[in-house]
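Engineer: The chain contents come next:
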Amino acid sequence: MSSPKKIPITVDGKKYDVPKNINLVEALSSQGIRVPTLCWYKGMDDCLGTCRVCTVNVNGRPSAACTLNTTEEMKIEFDTSELNDLRKSIIELLFVEGNHYCPSCEKSGDCLLQAEAQALEMTHSRFPYEFNHYEIDYSGEMIILERNRCVHCKRCTELFTNDDGEKVFSFIGKGKDTQVVINKETEKSLSKHKAQEAMDLCPVGAILVKGEGFKTPYGERKFEKEPLWIKK
Amino acid sequence: MDKKVISTISLAGCFGCHMSFLDIDLKLLELIELVEFNRSPLTDIKTFSKRIDIGIIEGGCSNDENVKVLKDFRKNCDILISLGECAIMGGLPALRNHLTLKECLEEAYFNVPTSNHNQTIPRHEDLPQLLDKVYPCHELVKIDYFLPGCPPSGEIIWQALAALIKNDKLEISKRLIKYD
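Chains as they are written, first to last, in the numbering used here: chain V, 1 to 232; chain B, 1 to 180.
The set of hints was computed from the structure by calculation and includes no laboratory data.
Certain hints may be false.
As the list claims (entries may be wrong) - Listed next, the stretches of chain V that the computed footprint assigns to chain B, with coverage defined by at least 3 CB atoms under 8 Å from CB atoms of chain B:
# : region
1 : 101-111
2 : 116-123
3 : 129-141
As the list claims (entries may be wrong) - In silico DSSO-like cross-links for lysine-lysine, where the CA-CA straight-line distance does not exceed 27 Å:
#  : chain 1 : residue 1 : chain 2 : residue 2
4  : V       : 154       : V       : 42
5  : V       : 225       : B       : 174
6  : V       : 231       : B       : 133
7  : B       : 174       : V       : 222
8  : B       : 169       : V       : 88
9  : V       : 192       : V       : 42
10 : B       : 166       : B       : 142
11 : V       : 215       : B       : 174
12 : V       : 42        : B       : 174
13 : B       : 142       : V       : 88
14 : V       : 225       : V       : 14
15 : V       : 154       : V       : 192
16 : B       : 4         : B       : 50
17 : B       : 133       : B       : 71
18 : V       : 192       : V       : 88
19 : V       : 231       : B       : 169
20 : V       : 88        : B       : 75
21 : V       : 167       : V       : 194
22 : V       : 194       : V       : 222
23 : B       : 133       : V       : 176
24 : B       : 75        : B       : 166
25 : V       : 20        : V       : 75
Unchecked claim - Have a look at the derived ranges for each label pair, beta carbon to beta carbon:
#  : chain 1 : residue 1 : chain 2 : residue 2 : range
26 : B       : 129       : V       : 128       : 52 to 60 Å
27 : B       : 129       : V       : 133       : 49 to 57 Å
28 : B       : 169       : V       : 32        : 39 to 47 Å
29 : V       : 17        : B       : 33        : 56 to 64 Å
30 : B       : 50        : V       : 177       : 48 to 56 Å
31 : B       : 170       : V       : 59        : 35 to 43 Å
32 : V       : 85        : B       : 78        : 24 to 32 Å
33 : V       : 173       : B       : 162       : 43 to 51 Å
34 : V       : 183       : B       : 100       : 28 to 36 Å
35 : V       : 84        : B       : 34        : 30 to 38 Å
Positions of the beta carbon are idealized from the N, C-alpha and C atoms, including for glycine.
Same shape as in the complex, but just chain V:
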């Protein structure tokens, strides 16, 4: 099989040859450039671009990198102080909109939002904390929905299904009233393994498996062992 056609793109003034028509985050990653992401993950082709944490300038225009595919002569700005600050601001906004009490969170140390905040050197939020209240849903058989931590990335609603291919999570409401809900019928049939898969898919601590959490000792959690800011 022939390898995909390579095309030239420019990132921060440097030329790279990358496969044509592949996801931009993936393309940059293949060149050793790690773009911060929350809603996108490796292998995902069509990302909704809900979180905007991967914002880069493409041909002078701010765009979510995860929603774009590589095209010839793309001119990308990524590592500029303005864009780094913009991405950090987006993370800070997510911290003030939800209630992210890291010290008491089951997902702390395994949380992608937290890891991206660390990689962007966030020490505090420059925006006022909102302290909005969101109901926690304990009604699932296997899963607890901790909506105070949800960043509305849509990973769970778009990508997660039970063993029969049925969706378990969906969104209701609009704008600031948007919230994720569980389909109790399809959630009932989840195995512990599948429920854990949902918890792992969630980039924050919004989806929890009942009876699980705080299992990995401090210092051995995912992003403590492999912080995102360490170049691989």
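For chain V, the structure is supplied; the task is to place chain B on it using the hints.
Structural biologist: Frame of chain V; chain B shown alone:
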């Protein structure tokens, strides 16, 4: 070199950040050669007796006394540091922020199994008045530096103090930034 003057205080915090300060262990011997402590729970000095170079705040603002003390620190300190999650974002005390004050007090004094038998909420002019919610310090006064963590490690505290004592630019290593 004149010794830098340091003051510390715990507002709505648990003193864990102060404990972490002591966790700089042997560096304390080095530190004491470079600084003197003024108003602080570590010295039990209750008022400022001179201008302070570096003020360290643990905890957010939960009552009017916290606000008064925080403003007093801002007035008397050249550099003010928010130390730990409670000072930076309210921390665990801020878990009450989605409740009204009435709900919060009724839960604490009437509804819990350990409530007092008199069924009264303590009220006296000498008692601090609770605020409507717990406020991060930087929403009330200007804060110069933030050292996150619950608690922040002894290492980040030492790194920050060592830089500020030498009038260096404070740059915190990524590996020391944590939120729990």
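Engineer: Indicate, hint by hint, whether the structure satisfies it.
Structural biologist: Do the hints match the structure? See the list:
no., hint, in the structure
1, 101-111, "holds (count 7)"
2, 116-123, "holds (count 6)"
3, 129-141, "holds (count 4)"
4, 154/V / 42/V, "15 Å, holds"
5, 225/V / 174/B, "14 Å, holds"
6, 231/V / 133/B, "41 Å, violated"
7, 174/B / 222/V, "16 Å, holds"
8, 169/B / 88/V, "21 Å, holds"
9, 192/V / 42/V, "24 Å, holds"
10, 166/B / 142/B, "22 Å, holds"
11, 215/V / 174/B, "25 Å, holds"
12, 42/V / 174/B, "24 Å, holds"
13, 142/B / 88/V, "20 Å, holds"
14, 225/V / 14/V, "31 Å, violated"
15, 154/V / 192/V, "22 Å, holds"
16, 4/B / 50/B, "11 Å, holds"
17, 133/B / 71/B, "18 Å, holds"
18, 192/V / 88/V, "35 Å, violated"
19, 231/V / 169/B, "25 Å, holds"
20, 88/V / 75/B, "30 Å, violated"
21, 167/V / 194/V, "12 Å, holds"
22, 194/V / 222/V, "19 Å, holds"
23, 133/B / 176/V, "21 Å, holds"
24, 75/B / 166/B, "22 Å, holds"
25, 20/V / 75/V, "14 Å, holds"
26, 129/B / 128/V: 52 to 60 Å, "22 Å, violated"
27, 129/B / 133/V: 49 to 57 Å, "23 Å, violated"
28, 169/B / 32/V: 39 to 47 Å, "29 Å, violated"
29, 17/V / 33/B: 56 to 64 Å, "57 Å, holds"
30, 50/B / 177/V: 48 to 56 Å, "53 Å, holds"
31, 170/B / 59/V: 35 to 43 Å, "38 Å, holds"
32, 85/V / 78/B: 24 to 32 Å, "27 Å, holds"
33, 173/V / 162/B: 43 to 51 Å, "50 Å, holds"
34, 183/V / 100/B: 28 to 36 Å, "33 Å, holds"
35, 84/V / 34/B: 30 to 38 Å, "34 Å, holds"
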